[in-house]
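Trainee: If you want the building blocks of each chain, they are given just below.
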Amino acid sequence: MLGDRDVTSLAGGTEEREANTTLVLEARGLVRQFNRRVRFGVSESILAVDHVDLVVRGGDVLGIVGASGSGKSTLARMLTCLLPPSAGQVILNGRDVYTLDKETVRREVRPAIRMIFQDPDAALNPAYPIGEGLRRALMLGGRVSSEHIDESISKLLAEVGLPSSYAFKYPDELSGGEKRRLGICRALSSDPVVIVADEPLSGLDVVLQERVLALFLHEQTVRQFALVLVSHDLDRVHQVCNRVAVMFAGRVVESAPVVAPQLAPEFRYRHPYAIELAAAKDRLHYGLQGRSADHRHTSEFAATREFGTPTGTTSRMKGCAYRGACPRYVRLGRPSHCAEAVPELTEQAPHRSVACHFSEAD
Amino acid sequence: MGAPALKNPEPVLEIQDLVSLFETPAGVVRAVDRVSLSVQDGRVLGIVGESGSGKTQTFFGVLGLSRGTPGVVSGRARIGNVDVLEGLPEHIHERVDSDGAVRVVKDPAWRRLQEERLKGVLGHTVAILFQDPRRSLVPYWTIGRHLQEVLHRKGSAPDDARRGRAAELLRGLGFAEPARVLQSYPEQLSGGEAQRAMLALTMAIKPRVLIADEPTTGLDTINQALALESIVEQHERHRMAIVLISHDLSVIDAMADDVLVMYAGRVVARAPAAVLRDLPDEAVHPYARELRESRRRRTLGQPIVAGAAPPRPLSPTGCAFQLRCELRSRLDADRQAMCATEAPNLKAVTEVHSVACWGIAT
Amino acid sequence: MTKLIIPTAFNKRRRIPARMLSGLVLLAMLIAANIAAYIFHHERSDSYLCLAPSHIAIIRTALGAERARESSDATASFAFGFNCSGDAGSDASDSSARLFGTSPAPIARVGRPYTYRPSLIQSGNTDRWSVEAIDAAGRETGWLAVDPQSGVLTGTPLVPTTLDVRLTAKSDDGRARLQQWKLYVDDRFLLLGTDNNGRDVARALLEAMQSTVLPATIAALIVLGVGVPLGALSGFFGGRAASLLIAISSAVQSIPGILLIALAGRLSGWNLLLIMAAVGVVLLPETASGVRELVERFKRRDFVEAARELGMSDNRILWDEIVWHNGRQFIVERVAQSYAAAVLAEVTLGFLDLTDSLTPSLGRVLLVGREVNAPAMLVPALLLLLLVIGCFSLLPRGFAELWGRPR
Chain A
1303 MLGDRDVTSL AGGTEEREAN TTLVLEARGL VRQFNRRVRF GVSESILAVD
1353 HVDLVVRGGD VLGIVGASGS GKSTLARMLT CLLPPSAGQV ILNGRDVYTL
1403 DKETVRREVR PAIRMIFQDP DAALNPAYPI GEGLRRALML GGRVSSEHID
1453 ESISKLLAEV GLPSSYAFKY PDELSGGEKR RLGICRALSS DPVVIVADEP
1503 LSGLDVVLQE RVLALFLHEQ TVRQFALVLV SHDLDRVHQV CNRVAVMFAG
1553 RVVESAPVVA PQLAPEFRYR HPYAIELAAA KDRLHYGLQG RSADHRHTSE
1603 FAATREFGTP TGTTSRMKGC AYRGACPRYV RLGRPSHCAE AVPELTEQAP
1653 HRSVACHFSE AD
Chain B
30 MGAPALKNPE PVLEIQDLVS LFETPAGVVR AVDRVSLSVQ DGRVLGIVGE
80 SGSGKTQTFF GVLGLSRGTP GVVSGRARIG NVDVLEGLPE HIHERVDSDG
130 AVRVVKDPAW RRLQEERLKG VLGHTVAILF QDPRRSLVPY WTIGRHLQEV
180 LHRKGSAPDD ARRGRAAELL RGLGFAEPAR VLQSYPEQLS GGEAQRAMLA
230 LTMAIKPRVL IADEPTTGLD TINQALALES IVEQHERHRM AIVLISHDLS
280 VIDAMADDVL VMYAGRVVAR APAAVLRDLP DEAVHPYARE LRESRRRRTL
330 GQPIVAGAAP PRPLSPTGCA FQLRCELRSR LDADRQAMCA TEAPNLKAVT
380 EVHSVACWGI AT
Chain C
10 MTKLIIPTAF NKRRRIPARM LSGLVLLAML IAANIAAYIF HHERSDSYLC
60 LAPSHIAIIR TALGAERARE SSDATASFAF GFNCSGDAGS DASDSSARLF
110 GTSPAPIARV GRPYTYRPSL IQSGNTDRWS VEAIDAAGRE TGWLAVDPQS
160 GVLTGTPLVP TTLDVRLTAK SDDGRARLQQ WKLYVDDRFL LLGTDNNGRD
210 VARALLEAMQ STVLPATIAA LIVLGVGVPL GALSGFFGGR AASLLIAISS
260 AVQSIPGILL IALAGRLSGW NLLLIMAAVG VVLLPETASG VRELVERFKR
310 RDFVEAAREL GMSDNRILWD EIVWHNGRQF IVERVAQSYA AAVLAEVTLG
360 FLDLTDSLTP SLGRVLLVGR EVNAPAMLVP ALLLLLLVIG CFSLLPRGFA
410 ELWGRPR
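Chains as they are written, first to last, in my numbering: chain A, 1303 to 1664; chain B, 30 to 391; chain C, 10 to 416.
Bound-form chain A, shown alone:
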């Protein structure tokens, strides 16, 4: 369909993104296990992230999409060196960040991989004005000398559209949108190589969402960082990202380049979950029909869906976690292969990987 043209060069954004092959950040086999007390004396272990591999290249805007409980926030934390994985590696510039000593991490890793938190209040100490907070960020980022700090604070604020008088304001005087922009400010302060934004659009209205995304893109062209956008909102991901990884129950079930519809209208997802996500998106946009037979079918399965939620996953569930809600599984007559073997992420087309034993053609 798309020929030999490198798909990564087609993406959101009117400028063609350079097919940039420098590997910036890589995650290999990331696993994160939690133990949860079910009741007295009994605990279960939950795999929040189940053997995830990711690759982030220079100039990428990578979207990680999944429902709440799919493990995307946990993954984001592991990528930014805030949560050590139970297994696996996060590799920056050829070194696994979790094997480095504290000092090196603080001096070299932290300024390079930055996180924008889901909760905009998170990064702000309520006890001092936000200018003070930015000053710390700048000093710890190590790019600015102390004489130029005040200047840099004003410049940073201006970049995200906040007047420099805001430096004197306390966090509780800012609106939600302003706090989000401050989070971006903070992440930019150390001139990072990768920014991981965890649900940066939650709590913003539609207009503001667009502006924030536009700001991200603008900053990216100016400062040249790779952006990892973690979101549940498939639409927005399609509007800004050049690659998307769809997560379900702690695993990446599909990894695909994002193509603008006008350039490749036949673009379809291949994993059943991703297909359903896209279909639901269309349903919302083109009108809810109420319960048709098909819908009821899907809804029922959706209702039984426990996997990927805190109750659901137990350590390495046997077989495919999605089969409880998978229409393809039903359509194919519930093949036993799905119940026995966990599907691995396999490359089915250039830059396109899917984790399913079967395909639409079956």
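Hints are computed from structural coordinates only; laboratory data are not their basis.
Every residue, glycine too, gets a C-beta built ideally from N, C-alpha and C.
Hints are not guaranteed to be accurate.
Claimed, not checked - Listed below are several chain C residues computed to face chain A (Cβ distance under 7 angstroms; list not exhaustive):
#1 Asp311
#2 Phe312
#3 Ala315
#4 Leu394
What the hints assert, rightly or not - Quick list of in silico lysine to aspartate or glutamate cross-link-like pairs, DMTMM-like style, CA-CA up to 20 angstroms:
#5 A/Lys1481 <-> C/Glu314
#6 C/Lys308 <-> A/Asp1423
#7 A/Lys1481 <-> C/Asp311
#8 A/Lys1471 <-> C/Glu410
#9 A/Lys1404 <-> C/Glu314
#10 C/Lys308 <-> A/Asp1421
To be verified - Example chain B residues on the side facing chain A (calculated, C-beta under 10 angstroms, incomplete):
#11 Ser82
#12 Leu248
#13 Ala283
On the provided structure of chain A, position chains B and C as indicated by the hints.
Mentor: Relative to the frame of chain A, chains B and C by itself:
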């Protein structure tokens, strides 16, 4: 959503000239600025606006759920046949500060009065679906317990019949395994499931009007669709009135009969949903136009263009929207001056469509 | 509103709040008092002492019991608890029997009338009184006169001098009883006058300030230097050491503080410094718990993780982000509180005559003032106490205003 001929033309919820003030560290904010609306039995009223537009505070203030001071300071509100704000003027005083500023103060005794008045209303005539269901449910009660409480209060049949009724409610909302859900705690459910569980609770109340505050925000597309479909189905089955509050026009569009657009605490446009959908761009309020365009872009997956964020201070006098308003620049000097000095009031364009804008012929 | 301004972050100028200023003024006064006490300490300290090595000193406790103690150290800084007297009054024939029931004041002031009303233990109506006052040069002075019938001494000295005074009572049956003492006449200018024994009240108070307020610093330092780090570290790092500390501190807190302090005093021989240390130890657990809770509460907040994300070290997060920015008000209040508590503890113990009588302190001033019924001592002492307490109440509030948001 085609409602049948109205059996009861008397509105089930009516608000007139509501004003709500909040004291914040940044000054006194007019969160709700003379808002009037009415909801008929069986109709769905959609309220769209960004965060801070007053769309939520309008209802929260009337229902005694708002936590700011002083809160609702004037206006009238009727729910069912209860005048909820009766006697408010006697409890509002003006006080001169030590700096000479005039502050509006409300008697703390008012709160008790309001609670008294709302006793028969909240949880009987009115049910509320909150934005984050897991936070509005009691964390150490199972869903079953929640439903028991409500059903017990509504005085329906003995225990076992109640359990049956609870399961029935859950089944009606797309849960294929009600027993499991009944035994679960709120944190064990995914976001979408919790939202539907909350919906089950509100259905158990059998209200005359349901207020759904951002019911789909934060949910992935699948769960969004499911939640909305459930609401639609409940509405079709029980014919209760619904107030749907959202910042996402798609959500409003999918369900509402009538739409109210709010900005900066005021109603800026009022029209039936079909009318708002079909009217050409020049005929709708510039903010509504912005929302429609944003929605279009999103539906089509149109890539977001990188752009730096300009600062957007709120204009102190005149129309709150003027600094964002694209229409304004195309108006003649006289009318531009009006935008700057006086905030426009809601005026009828046609019998069903009203708009608050100097730039639209009324 | 004061015009004084101090710069803070981003060159935003702030004014010192009124409360803060008042507190600072009071603090300055206290410090000045301490410095003055230190300076005057080295002057002639015997100008208001009434002791000579041979004097017998009587200590009266608040409970009225009487003990005799011999003072051996005439140059002791301020042997305050002593009621000085000359010989206890003896029978010319039997010097060991105590015959006079009162003691004369050993200090007279130039230009002020001096009075002494003696009372004999075994008095007869026909006692005839006579007095002899001989100065250093051996001459007899004339200003001191006695009423032959009642024995009341009166007179107004005009010149500073030292006199040997001998008061004799002759009864009909030939028995003679006499009382001897050294009378110091001086012309000092005394701000607050003297007590009925001629001791300089202002000086006494100064000395008391020094011995009350300065040692209280020990208590405050213990609370600040031990309690705060203990609480902060256990709150932040948790672990078993923390749980142990919590258990110990709860145990200590459950014992009434005043008992612990009294016990410490007894064991240390009523050494004021050690008593202050005990006060500090008693107040420690409360502060440590408070700080621990505060740190725990803030540790859970997201901005701590965000601070780590910035690259902040745990140390900096604990001390800078949490303790300094969010906990400083609490700590200031606690330190001020422990200061006030230490001062009050000393006053209580001193007033109950439980402290070392050789060390002057506010409590002992109040004790003696009450004993000898001298409003001239009590009123200034109480005012001074109010000054101290007031200072430590105003300062934390002043800090709150200073560190709070600019309006």
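Trainee: Hints first: check each against the structure and report whether it holds.
Mentor: Status of the hints after comparison with the structure:
1. Asp311: 3 angstroms, holds
2. Phe312: 5 angstroms, holds
3. Ala315: Interface hint status for C/Ala315: holds (4 angstroms vs cutoff 7 angstroms).
4. Leu394: C/Leu394 check fails; min Cβ-Cβ to chain A is 35 angstroms, beyond 7 angstroms.
5. A/Lys1481 <-> C/Glu314: 17 angstroms, holds
6. C/Lys308 <-> A/Asp1423: This hinted pair holds, its Cα atoms lying about 15 angstroms apart.
7. A/Lys1481 <-> C/Asp311: 14 angstroms, holds
8. A/Lys1471 <-> C/Glu410: Holds, at about 17 angstroms.
9. A/Lys1404 <-> C/Glu314: 15 angstroms, holds
10. C/Lys308 <-> A/Asp1421: Measuring from Cα to Cα gives roughly 16 angstroms; hence the hint holds.
11. Ser82: 8 angstroms, holds
12. Leu248: Where the cut-off is 10 angstroms and the nearest Cβ of chain A is about 7 angstroms from B/Leu248, the hint holds.
13. Ala283: 5 angstroms, holds
Comparing the model with each numbered hint stated earlier shows that hint 4 is the single one that does not hold.
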